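As a plain string of letters, each chain reads:
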Amino acid sequence: GQQLNQSPQSMFIQEGEDVSMNCTSSSIFNTWLWYKQEPGEGPVLLIALYKAGELTSNGRLTAQFGITRKDSFLNISASIPSDVGIYFCAGPTTSGTYKYIFGTGTRLKVLA
Amino acid sequence: DAGVTQSPTHLIKTRGQHVTLRCSPISGHKSVSWYQQVLGQGPQFIFQYYEKEERGRGNFPDRFSARQFPNYSSELNVNALLLGDSALYLCASSLRAGVISDTQYFGPGTRLTVL
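First to last, the sequence lines map onto chains A and B.
All residue numbers for the first sequence refer to this note's numbering, where the first residue is 1 and numbers rise by one.
All residue numbers for the second sequence refer to this note's numbering, where the first residue is 1 and numbers rise by one.
Pulled out of the complex, with its shape left as it was, chain A reads as follows:
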């Protein structure tokens, strides 16, 4: 079945640094979504990508839909303490039941 693998699994960075994470799949996705989840909360949508090659920004966040449609990237510039959380990529399945497949998550910790 479709699976999404995220890397790195976790990262510790200093406040002010830029962050890069990615999400890869063995199969094609037609939409890529990036969510952030904080402890005890549900995932919150950050960016949605609908077209291969698309580059979309949301404040300090920038995400790209890979040309092959098998990967996506999320960058956070000038990180701040409130960026702490788990970042998930997700995409709707392309066959069978319509549902979101979630990645394994990247846990981000920002050191002040």
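Where hints are given, some of them may not hold.
Heads up, simulated DSSO-like pairs for lysine-lysine below, C-alpha to C-alpha not over 27 Å straight-line [what the hints assert, rightly or not]:
1. Lys-109(A) <-> Lys-51(A)
2. Lys-30(B) <-> Lys-52(B)
3. Lys-30(B) <-> Lys-36(A)
4. Lys-51(A) <-> Lys-30(B)
The hints are simulated quantities; they were obtained by calculation from the structure and are not laboratory data.
If you're wondering where the values come from, they're calculated on a predicted model, not measured in any experiment.
Once you've looked at the hints, dock chain B against the given chain A.
Same frame as chain A, now just chain B:
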């Protein structure tokens, strides 16, 4: 506008009991999906409902069931609870079902602990 709401926030049950979790979607949204998130993992799809009909089911046993009401709110029921059912149960709402551009918005979840 209110987002997706879920109740209760936390729940503690013992093995063998059953549980009912509730979800109210964003106003105007007609589709509700349920996900299970075990600690340290991403959410796993359980069900999707649209216009009171089941539109999809994930790989979960028959102990899991759900329904959607005329006002589009939804309940998730789990019978004969097992320790492994301990998780954060997330509800997500969207305008419709099966439309790629209709993003799913998540509620805060219900934390279920089975002892």
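Hint check results:
At most 27 Å may separate the alpha-carbon atoms for a hinted pair to count; Lys-109(A) and Lys-51(A) exceed this at roughly 30 Å. Taking the CA atoms of Lys-30(B) and Lys-52(B), the gap is near 9 Å; set against the 27 Å cutoff, the hint holds. For a cut-off of 27 Å, the pair hint linking Lys-30(B) to Lys-36(A) stands: about 24 Å separates their Cα positions. Restraint check for Lys-51(A) and Lys-30(B): satisfied, since their Cα atoms lie roughly 26 Å apart, inside the 27 Å limit.
This entry does not satisfy hint 1, going by the numbered hints stated previously; all others are met.
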